[in-house]
Amino acid sequence: MLDSTGLFDESFYLESNLDVAEAVKSGAFSSGFAHFKEYGRFEGRDPNELFNTGFYLENNPDIAAAVEGNKITAFDHFIKFGQFEERDPNSLFNTRIYLERNPDVAAVVEKDKLTGIEHFVKFGINEGRDPAQALQVLNTLLVGNSRGNNVQRVDAKTGEILGEFIPANSGGLLAPDTLIYGPDGNGDGIQDLYISSGDKPATSQEQGASAVLRYDGVTGEFIDAFVGDNPNTPNVDETGGLHRPYGFAFGEDGNLYVSSFLTDSILRYNSTTGQFIDVFATGNAQAGGLNGPNGLLFAPDGNLYVTTQGSVARDGEPDFSAGLPSQVLRFNPQTRQSEVFASPATPPDGAGFVSLLGMAIGPKDGDLYVSDFANDIRRYDLETRELVKVLPTNYTGTSPSQNFTGSLAFSPNGNLFTVGFDYSEGANNRGAILRYEGTNGNSLPSSGNQGAIFVAPNDDLVRPIGMTFFVG
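In terms of my numbering, the sequence shown opens at residue 115 and continues consecutively.
Derived by calculation from the structure, the hints in this document are not laboratory data. Treat each hint with caution, since some may be false.
Listed below are the simulated DSS-like cross-link pairs for lysine-lysine, each with C-alpha atoms no more than 30 Å apart in a straight line [said to hold, decoys possible]:
#1 139 x 151
#2 271 x 151
#3 194 x 225
#4 478 x 185
#5 478 x 194
#6 271 x 227
#7 503 x 478
#8 478 x 271
#9 151 x 236
#10 236 x 194
#11 185 x 503
#12 271 x 236
#13 194 x 227
#14 478 x 151
All values reported here derive from a predicted model rather than from experimental measurement.
With the sequences and hints as input, model every part of the structure.
And the structure:
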């Protein structure tokens with residue numbers, strides 16, 4: 115069997131838990147493992163990149179109930195029972211598929227000589243058995259270049275840009291905006307990457323037709339246009355009118371929700387087939403309405419949160435002349451009724467306008483984080499709507515700021531990342547990546563950088579907007 119030491123990685127644990135690293139450094143604990151045994155496993159901290167506590171509990175409600183009742187920890191359950199019951203420790207390692215693809219391993223497991231995950235850890239990784247290759251996406255940040263029409267891979271520990279994950283224009287990729295890992299589309303048992311693409315109507319025959327494209331979550335290879343128009347049916351728009359998809363999110367109802375920015379609507383699709391279902395919501399050109407929908411997020415409270423830019427779509431163009439506010443709306447998915455969750459005023463030291471964009475739920479505090487394209491990051495209490503904190507994003511050091519801010523993503527260890535780009539003359543939209551500590555929001559620069567700069571302005575980042583982590 116795989117014991118607790120076999121599923122613990124000291125380096126991973128200390129890098130993922132800076133408070134523990136400081137405690138070990140000060141002599142409060144002899145090692146990260148000592149902390150994990152005494153506190154970490156009870157606090158739900160992950161022992162290594164192969165065991166994801168959140169995934170394990172979410173996919174095993176019986177265990178979650180036992181953990182909630184303080185009868186056992188998720189980690190202890192997996193060590194004592196889960197690995198023998200062929201329960202999966204993360205979304206990358208599918209025990210059933212691993213044994214099906216490796217009958218020699220299955221034969222040994224059948225004789226109770228070891229478990230599937232034990233074989234993978236002790237032998238399979240070194241032997242290159244799937245999903246060994248998939249480990250490269252763990253703790254890797256993917257960044258979409260809206261002007262480079264590609265996706266870059268970044269080491270989330272060092273900030274090193276590792277090269278293209280998805281080459282320019284692969285599968286017709288143009289102006290990528292939102293990147294999300296979602297349902298497996300090619301049968302390998304691993305989540306795939308979905309990207310909103312295009313700035314023209316879905317029915318356009320030119321490059322840049324609006325679509326949601328799907329790529330292999332490990333290799334970046336193009337799979338298909340998950341949501342897209344069929345050019346062989348010129349009189350039918352299979353997307354339901356998609357034009358400039360910005361944000362999208364998978365709902366608990368088994369459907370995919372996509373914001374169609376240039377039609378002021380949210381469209382719904384089957385999350386298995388990509389088939390259009392209906393128009394979930396439309397704008398009304400009034401304050402508090404769906405005016406220029408951008409980011410979408412389903413929160414733990416079951417509601418759909420939407421950022422709007424305050425524009426009205428007219429003839430395929432955004433019209434800001436009405437002066438409508440950029441807001442965060444909250445939709446009840448069942449009734450489709452909406453209300454204004456947040457409507458921030460324009461900061462005095464900002465770019466002169468508000469343009470809310472990306473959203474993320476803090477894994478440690480449960481709060482809603484919202485990026486303002488033109489200003490900063492705002493953290494809201496999900497229940498009270500209270501503004502808890504404002505995180506600065508002005509890395510150019512100018513007044514007003516000369517950099518815009520893109521999407522948000524929390525890393526597996528709970529730190530917050532965002533992207534930005536310099537829009538000043540001659541800067542060529544060169545991008546950077548910012549990082550913040552996940553518990554207090556303090557800037558967390560990489561070695562040699564200041565402020566929140568994790569990756570300094572880099573020519574490989576060209577007007578970056580979308581970003582995501584693979585959370586195993």
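A quick look at each hint next to the structure:
| no. | hint | in the structure |
| --- | --- | --- |
| 1 | 139 x 151 | holds, 17 Å |
| 2 | 271 x 151 | holds, 25 Å |
| 3 | 194 x 225 | holds, 18 Å |
| 4 | 478 x 185 | holds, 22 Å |
| 5 | 478 x 194 | holds, 27 Å |
| 6 | 271 x 227 | violated, 36 Å |
| 7 | 503 x 478 | holds, 15 Å |
| 8 | 478 x 271 | holds, 19 Å |
| 9 | 151 x 236 | holds, 22 Å |
| 10 | 236 x 194 | holds, 18 Å |
| 11 | 185 x 503 | violated, 36 Å |
| 12 | 271 x 236 | holds, 24 Å |
| 13 | 194 x 227 | holds, 15 Å |
| 14 | 478 x 151 | holds, 20 Å |
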